[in-house]
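Participant: Fit chains B, C, D and E to the known structure of chain A by using the hints.
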Amino acid sequence: MTDRPTPSAPSGRPASSHGPSTGSPSTGGPPPGVRPQASLPEPSVIPEQGWHVGHFFYRFRRDQLDAPLSAEVCQQFCAALAPSDELMPERLASYWTSGHEADFGVIVMDPHPGKVNAIHQALLAPGIGRWIEPAWSFTSVSEVSEYVPSVESYRERLIRQGDAPDSPELAAKVSAYERRLPMMNRNRLQPDIPDWPAACFYPMNKSRVPGANWFTEPFSLRNQMMAEHAQSGMAFAGKVSQLISVGVGLDDWEWMVTLWGRNPEYLKEIVYKMRFDEASAKYGEFGPFYVGYRADGREILDHCRMTG
Amino acid sequence: MTDRPTPSAPSGRPASSHGPSTGSPSTGGPPPGVRPQASLPEPSVIPEQGWHVGHFFYRFRRDQLDAPLSAEVCQQFCAALAPSDELMPERLASYWTSGHEADFGVIVMDPHPGKVNAIHQALLAPGIGRWIEPAWSFTSVSEVSEYVPSVESYRERLIRQGDAPDSPELAAKVSAYERRLPMMNRNRLQPDIPDWPAACFYPMNKSRVPGANWFTEPFSLRNQMMAEHAQSGMAFAGKVSQLISVGVGLDDWEWMVTLWGRNPEYLKEIVYKMRFDEASAKYGEFGPFYVGYRADGREILDHCRMTG
Amino acid sequence: MTDRPTPSAPSGRPASSHGPSTGSPSTGGPPPGVRPQASLPEPSVIPEQGWHVGHFFYRFRRDQLDAPLSAEVCQQFCAALAPSDELMPERLASYWTSGHEADFGVIVMDPHPGKVNAIHQALLAPGIGRWIEPAWSFTSVSEVSEYVPSVESYRERLIRQGDAPDSPELAAKVSAYERRLPMMNRNRLQPDIPDWPAACFYPMNKSRVPGANWFTEPFSLRNQMMAEHAQSGMAFAGKVSQLISVGVGLDDWEWMVTLWGRNPEYLKEIVYKMRFDEASAKYGEFGPFYVGYRADGREILDHCRMTG
Amino acid sequence: MTDRPTPSAPSGRPASSHGPSTGSPSTGGPPPGVRPQASLPEPSVIPEQGWHVGHFFYRFRRDQLDAPLSAEVCQQFCAALAPSDELMPERLASYWTSGHEADFGVIVMDPHPGKVNAIHQALLAPGIGRWIEPAWSFTSVSEVSEYVPSVESYRERLIRQGDAPDSPELAAKVSAYERRLPMMNRNRLQPDIPDWPAACFYPMNKSRVPGANWFTEPFSLRNQMMAEHAQSGMAFAGKVSQLISVGVGLDDWEWMVTLWGRNPEYLKEIVYKMRFDEASAKYGEFGPFYVGYRADGREILDHCRMTG
Amino acid sequence: MTDRPTPSAPSGRPASSHGPSTGSPSTGGPPPGVRPQASLPEPSVIPEQGWHVGHFFYRFRRDQLDAPLSAEVCQQFCAALAPSDELMPERLASYWTSGHEADFGVIVMDPHPGKVNAIHQALLAPGIGRWIEPAWSFTSVSEVSEYVPSVESYRERLIRQGDAPDSPELAAKVSAYERRLPMMNRNRLQPDIPDWPAACFYPMNKSRVPGANWFTEPFSLRNQMMAEHAQSGMAFAGKVSQLISVGVGLDDWEWMVTLWGRNPEYLKEIVYKMRFDEASAKYGEFGPFYVGYRADGREILDHCRMTG
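Chains as they are written, first to last, in the UniProt record's numbering: chain A, 1 to 308; chain B, 1 to 308; chain C, 1 to 308; chain D, 1 to 308; chain E, 1 to 308.
Chain A with its partners taken away, still in its complex shape (with noise of 0.2 Å):
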């Protein structure tokens, strides 16, 4: 895959300048007084690690809908949630959604932040644009967050919870981790999605306030209570599968959390247990939440009394 897969994506250059008076390769440098690295990749839109990251939900347009939709326009509608293989991104999954916020909500993955818009954009396009309305979205990317043990720090803290320094047991935990690693971080960064029937969405933020100051904390408390976390979300394996996305810089919130459940009370379950964790009690905040329950384009559609 290159830099520039399809032609309505966005290069990952500038294609041309908008007249003379902007910006150039001679006058765009860095922030004043500043001597940029000694080399650097070249400019582009694909992460170096981590894919893009798309939710997107949505809501069917009723205020001048007489009849269902035409056989057409359903038909792109569907084509919009299995494109062609040239179109396809790395990841997608749709879902119905429940309650009036959303009739149905799409997550998509690639390296490419034009491959994932490009879905957005299909499903508005003229002939079914025109029945959809977006109702909330979040851009974000995966990464594998700081908090994740190295092979060295996962070592430091078996000692610390007793693991004696030289025992052979402590040398096979830590040689399994270090064998699991590398795949755990691949799931981190390009995650497989479960075929599990539901799946919540919501974005969040550590807070700043007076009090209860995340960013202020030093990273060994962090670190600690990320680990906490970390072990409440463990009881939830074979129940619960996860993707933290990053939105910071990106988006209105700092992180993306991606729930799938293998029943949907797992999914009320493990946020209710998370959040008297100290990590979400003193230091989350919340946005909006999105339940939804996997289905593909003609099942939305069926559920949503759009077809004859």
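A couple of the hints might just be wrong.
The list makes no distinction among identical chains, and a pair is therefore deemed to hold if it is satisfied within one copy or across any two copies.
Cross-link-like lysine to aspartate or glutamate pairs, in silico, DMTMM-like; alpha carbons within 20 Å at most [said to hold, decoys possible]:
| id | residue 1 | residue 2 |
| --- | --- | --- |
| 1 | Lys273 | Asp302 |
| 2 | Lys206 | Glu278 |
| 3 | Lys173 | Asp163 |
| 4 | Lys273 | Asp252 |
| 5 | Lys273 | Glu146 |
| 6 | Lys273 | Glu228 |
| 7 | Lys273 | Glu217 |
| 8 | Lys273 | Glu178 |
Hints listed in this document are in silico derivations from the structure and should not be mistaken for laboratory results.
All figures in this text were calculated on a predicted structure; none of them were measured in a lab.
Facilitator: This is chains B, C, D and E only, laid out in the frame that chain A set:
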């Protein structure tokens, strides 16, 4: 009732994956580094305990309405609120509502989330849907709260309140509680809707601000505050009946409160009285309130002048 | 006036249950584990004390308006604000309002909530309703506040303020208060609307933030602050008349304040002066303010250029 | 100018009661238990002191606009901003505004609130009104603030600042202030609009949060902070001119600030500088800001591309 | 470039007063009691220092869009983003944007506010304007912040950081800074737009809550925090370039941040890293974030499926 009761409801499992890159059972697993539990139930959208609960509020859309709704559209509206047996959820009640935010509201409960949301979708289906605008909704599930005392903790509480440990009075009270508990819990999970004319609906959170953080208080203190809170409510026995359903992980507030009143003044009185309980006064955060009066589809249409 | 005064108003009791699964008298009972009180009034929508109060604010919808409203539609508008005797609620007054939020507003009071809301629905009925957009509303009930002193507590307050317990002056004051109290309370429950040109309307809460939590203060302190607050208001006798109605459990704010002014500057002055009272300065949270000038339907249409 | 200057403006008194149940002079009286003051002015909408002030901001509505506005509609727009002598309020100025919130704004002042709001209604009247969408407005009245020093308190302040009580310098300063004060107060109540190209408009509150509650501070401290604040403003004499009008009881914010600038950079500078004054830094809460550039109707239409 | 460069832009001075009651030069004077400064520049809309900066974000309006935009309308769109030399502002760059809030955005800079806003108005002009809905905007001006060290304060800082006062190293650093400063300040006032593919945009305030009030901190402390903050940014030289423009007095937030990135991941990284700086962690309040990818008009239309 099965996991997939109606054609338009989603299956308990994703019917298909969207292309080769989406998740599959072999890849969609637990969070990294975590072993799933020995035996897990089949993926399903139906909770093991409790029902899905939907609260939906609507306005009639009048900006293109030149005449009363046609008889056919009125009929479609009434049918959406009184579906056929096959589509009828376990509970359904409708209300006209006071004020400009909504003209009417519906509460729906069922084990299957698709059957709950299908009532919402039927009200927005082509035909009637053009004339109805969703105003607010809340998605939750019924549950037995962690603050409902077990038989043993009920006994301990009575002793703390002065009952002698070996007294026959204590034994009688505990025995009565033990007999009532299953029915009480059934009423929490599958509540009946009382035949009273008024109801109010509002969501709430427990606050997490510095100085009033519910989620950092110990269970014992939270439990005691909830017991006092329950005591306040008991003064309204016969006047007000309640349902507390859980939105944690599913919608924007943590809980949804439904109060049914023998008279609307009792709704005002109970909410005012309970606001002085520490659990509410210090920790309660309240969302929008809707007050409604029980009415079937035809009565709603008549009250809202939608009929000729 | 009966419990069911108009055809389009809802009955005091649900006219029908919606299928076999909805609530019935035998199942819709008290909260679990609670015995109802010995004798309870019949279910009704009419409060034992106080009236339902509706405040409604509207904008004319102009995005499709090419010409003045037709004479027929103007007539419908005026009729909605001056209904026939049978539909006329106990109190009704209308105002044109200043600014972009609303073009006009209505205050309505009646024992029956359906009769109050019927005024709102008449303004939105097919014909005129297409040209009117609800902007804001508030649902409340009139009441005698818990801070209104009883005869005995009034006597005690005077003694605390320096009256000699056995003085004839004290006896005379108490006796006068005793004679005035029933009329004063009637005016709180069923207030007359003064014949003054200006009015302002706004909702309010008492704050519950850490450091300024009204609901955790003892009654004695709240009572004292409310007495001081009332004292502030008395300086405006003859200039401003007020109605405080209760929205707790019914709408998004706890109280609704209606101030009628002999001159709009008195509205500004009283609100500014009272904001320094501790009850407001420390604990008052205020919602949107609307200022209106008394006008009947024709005057509203003329002021808003809706007539040809 | 009389109390009822224009046909479309409301009378100072309600022209009619709405049926027998609405208020009448004999029933609409003072608050319960309070004797009205000896002599009160006639009910009126015209303040004894100060003018009604309206700030109105608008967007052109473009979702149905296929072509420039017709010459007739353009003429109606210009006439609404330049009414005939009879309808002309005491002050009126219009501005095109920067950004997406509004395309243009108007400030209007007059003793009669109906004459102020009539400008707003003329812009929304059938014809032009279809193409204009109100974006924001604020309703206030001009006044002489309680923090404007009297001659005596001005003298005391100078002495506190070092002037000798019996010095001829002090006498001269006090005498000059005494001569200036009536004109200064007239300028506060009936301000002229300077002939400068830029202006900014924003509402504000004084905060009442725990730890920064303006309304619980003693007058002496508030007065001192306001004097320092005024001092900051004086550095901008000749660059910025201001109007502070009062919205308390009339609109959602307590004060409305209008700053006229000889250059828009002075608007930025004065607001930035004053934000460090304790009165603003600690107690100021600010609403939306609009910046505008003086323009008549035709210039607004041209700038906004509404003309052919 | 003059004060009145284009026909549709407003004049630097009001072209006419609106009737005899509006302000005139003889009456519109300084605030009461204040003598204007000796010599003041002519009234103008052009700042003595800095440029007007406009950020504009838009959605395509699709609720009436049945087919791709016509070639004529597409041409009008492209022309609005690439105006003729006469109308071309000093800087202009456009981006397609990720997510549902906006489809595309534009940043514009020019000494004349009318020339900046004319780009916005051209995008909303009859023809294309019907299909475009403004989503957000921000109005600001470029400036040299008070925290940019003068040569002398730069020297003092270096000494505090350990340089010997008389060392040739210090002299060399100071001399280099002195040479760079004019260019650096020009880049702050008239920044070039780098030729990189990604950018993010967000407004911010400095908090004034009790316990974290930026505006009550002494300059020395604020200056020190800003210096550390600048240090954080320098680590991204060559990866990220920034513009901080000022909205104080002009729009709803105090500052507008524009970050141009060589790769979108650097945008995430720099914002995340800087959030731990005390200036942000404790005092920063952030508004909506938009992320965009450089694209000209045709590329935006293609990405958004507006072309046939």
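Participant: Quick one: which hint numbers does this structure break? Sort them smallest to largest.
Facilitator: 1 and 8
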